[in-house]
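> So you can see what is in the structure, the chains are spelled out below.
Number of protein chains: 2
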Amino acid sequence: EADAYPTRTPEPERWIERVDPVVWQDWTEKAPISQAEAERFDRDGFLVLKDLFSPEEVRALVDRAAALRADGDALAGEDVVTEPGSNEVRTIFRLEAQDEMMSKLARDRRLAGIARFLLGDEVYVHQSRLNYKPGFTGKEFYWHSDFETWHAEDGMPRMRALSASLLLTDNRAHNGALMLMPGSHKVFVSCQGETPEDNHKSSLQKQEIGTPSPESLADLAKMHGIADAEGPAGTLFLFDCNTIHGSNGNITPDPRSNAFFVYNAVSNRLQAPFAASKNRPDFLANLGDPEPLELHEGRFD
Amino acid sequence: EADAYPTRTPEPERWIERVDPVVWQDWTEKAPISQAEAERFDRDGFLVLKDLFSPEEVRALVDRAAALRADGDALAGEDVVTEPGSNEVRTIFRLEAQDEMMSKLARDRRLAGIARFLLGDEVYVHQSRLNYKPGFTGKEFYWHSDFETWHAEDGMPRMRALSASLLLTDNRAHNGALMLMPGSHKVFVSCQGETPEDNHKSSLQKQEIGTPSPESLADLAKMHGIADAEGPAGTLFLFDCNTIHGSNGNITPDPRSNAFFVYNAVSNRLQAPFAASKNRPDFLANLGDPEPLELHEGRFD
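First to last, the protein sequences are chains U and W. If you read the first sequence in the working numbering, its first letter stands for residue 14, the second for the next number, and so on. If you read the second sequence in the working numbering, its first letter stands for residue 14, the second for the next number, and so on.
Excised from the complex, chain U in its bound form (with noise of 0.2 Å):
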């Protein structure tokens, strides 16, 4: 089968159509989101969902991810990423790994029920993290689609997964939150370039293969707009995996904390990498054979 999203190129950059579906089955009253709701992820490609978690859930979450990472020290050692020159842990990826609550998170009928519905399958955990970004210093991250390495770098054959993220901290255009360009998501750009070997171990810091050129983001600012995520803690944002996203720094003393799941359809497993020499390790992509998850329906306070 040909490659339906060829990247990392030596021809120039080009737009390529997306063939796959962003909403992979029919709405129907038994959905656990409102058609409405369908309706807006399948257009603009993210959906942000208030209110499904209460106080007291989120209370619980926030502290047990402060207790996380300040327990850094007994998590496996690639799974946690410290502070340069400090021992403050700014990411614990393989978060269902590590913790009971964490593990109930992921599979939440409310992350895990809906990614179920939108993708139309099964579903199992792609990667996940725990972010947290301090205030003053908070690094940008520039423009890219997650598809777009996922299928050079981890070999994603399909446009089938999304990401759900459950925000600890408030976010705010003006502390860096999540930036979107609603719609980029049905078009594919395939970039050029080639993927270094061990890419993964400079672009979590800074991506620079694999992003779309300057004037194809202006052209996709300019037919899109770019909607910021913002929202208290406790609001759930869900993504779909080739929507084009960034975050700007942030100097305020505000830091921006949130639980990162992303969900792929069992349907959808992955193959040798479409355009990198070898799969990056596990704790970025599971390499497993795909469990479905099963959903949790209790809560958290």
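Source of the hints: derived by calculation from the structure; they are not laboratory data. Please note that a few of the clues may not be correct.
What the hints assert, rightly or not - Far from chain U, by Cβ distances over 12 Å, these chain W residues were calculated: (1) Pro25; (2) Asp84; (3) Asp92; (4) Glu135; (5) Glu207; (6) Glu310.
Claimed, not checked - Residues on chain W that point at chain U, a partial pick, calculated with CB under 10 Å: (7) Phe149; (8) Gly151; (9) Glu153; (10) Arg185; (11) Ala190; (12) Met192; (13) Ala231; (14) Asp232; (15) Ile239; (16) Asp241; (17) Asn263; (18) Thr265; (19) Asp267.
The beta carbon of each residue, even a glycine, is placed where N, CA and C say it ideally should be.
Since the structure of chain U is provided, determine the placement of chain W on it from the hints.
Frame of chain U, contents of chain W only:
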């Protein structure tokens, strides 16, 4: 007379109560702004004024600014700052001296007239510039009080100056709009440290000395919050010389540009620097005899 606002001393940082008024005369019906606006400026340390300029005037000013930037070679060397590695003009200082339209803008009743009212005195231009920050790569500018620098390095004795920024592009929180801490102008943060030789050569890129500590900034943000100076091209921002402000970087494709004038009361003329061995050059701090501006009543369309 003792220095009312000592700063850049060996002593630890401390907060000093402002001894100067913010609005230097009582409001009357002859004032160029409403009573509510004057009260807002007094309380918040800034004021947003929309629709003072017609779309035709904004267009004329935007076009003139672009022409000045395109013709940077024609301007005096030290007045122009170009992007390292290119001829792209980023800043043009002494803006009112470069061009007749900009001279009129500096004297416009909607800028200088309001400044004259708020400062309760004749005014002159202490510093002015055309700012242009490109998209994609706009750098952050860290929190500071302008007065702290003008006092320490330019010898401005009292808090009787303000800045007027006329937006020449749309400014939004996510493209690096100015952020201000409303109410922060009522306290002077006396900073620890010493002004290095020729500090302005690096401080225009990144201010290190004379900025409040993270602890002070976090306290001020908690007390006062952070306001985003958002608005379409043509919006006028006025802010007190001591209001703490800064701006985030900007990865969006949208540049930011403004025409920027600092008005000082003629009675507040510069002395020897309060905390530096010599004055900054004239393009950063007007060292001549303060000449009261004659207001300009015309329009730009």
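> Against each hint, give a clear statement of whether it holds in the structure.
Here's how the hints hold up against the structure:
1. Distance to chain U confirms proline 25(W) as a non-interface residue, since its nearest Cβ pair spans about 19 Å, more than 12 Å.
2. Look at aspartate 84(W): its CB is around 25 Å from the nearest CB on chain U, clear of 12 Å, so calling it non-interface holds up.
3. Separation of aspartate 92(W) from chain U is adequate, the least Cβ-Cβ distance of about 28 Å exceeding the 12 Å criterion.
4. For glutamate 135(W), the shortest C-beta to C-beta distance to chain U comes to about 36 Å, beyond the 12 Å cut-off, and the non-interface label holds.
5. The Cβ of glutamate 207(W) lies farther than 12 Å from every Cβ of chain U, with a closest approach of about 23 Å, so its non-interface assignment holds.
6. The Cβ of glutamate 310(W) lies farther than 12 Å from every Cβ of chain U, with a closest approach of about 37 Å, so its non-interface assignment holds.
7. Annotation: phenylalanine 149(W) was flagged as interfacial toward chain U, and the flag holds, the nearest CB pair being 6 Å apart, inside 10 Å.
8. A hinted interface residue such as glycine 151(W) counts as satisfied when its beta carbon comes closer than 10 Å to some beta carbon of chain U; here the least separation is about 9 Å, so the hint holds.
9. Nearest Cβ of chain U to the Cβ of glutamate 153(W): about 5 Å, under the 10 Å cut. The hint holds.
10. The beta carbon of arginine 185(W) is positioned within 10 Å of a beta carbon in chain U (closest approach about 7 Å), and the interface hint is therefore held.
11. Look at alanine 190(W): its Cβ gets to within about 8 Å of chain U, closer than 10 Å, so that hint holds up.
12. Contact between methionine 192(W) and chain U, as hinted, is supported at the beta carbon level, the nearest pair being about 6 Å apart and thus within 10 Å.
13. Interface restraint check for alanine 231(W): the shortest CB-CB distance to chain U comes to about 4 Å, inside 10 Å, so the restraint holds.
14. The interface hint given for aspartate 232(W) holds, since its Cβ lies 9 Å from the closest Cβ of chain U, which is under the 10 Å cut-off.
15. This hint holds: isoleucine 239(W) has a C-beta 6 Å from the nearest C-beta of chain U, less than the 10 Å allowed.
16. Hint status for aspartate 241(W) relative to chain U: holds, with the closest Cβ pair at about 6 Å, below 10 Å.
17. The interface hint given for asparagine 263(W) is met, as the beta carbon of that residue sits about 6 Å from the closest beta carbon of chain U, less than 10 Å.
18. For threonine 265(W), the shortest C-beta to C-beta distance to chain U is roughly 6 Å, which falls under 10 Å, so the interface hint holds.
19. Look at aspartate 267(W): its Cβ gets to within about 7 Å of chain U, closer than 10 Å, so that hint holds up.
Checked against the numbered hints listed earlier, the structure breaks none of them; every hint is satisfied.
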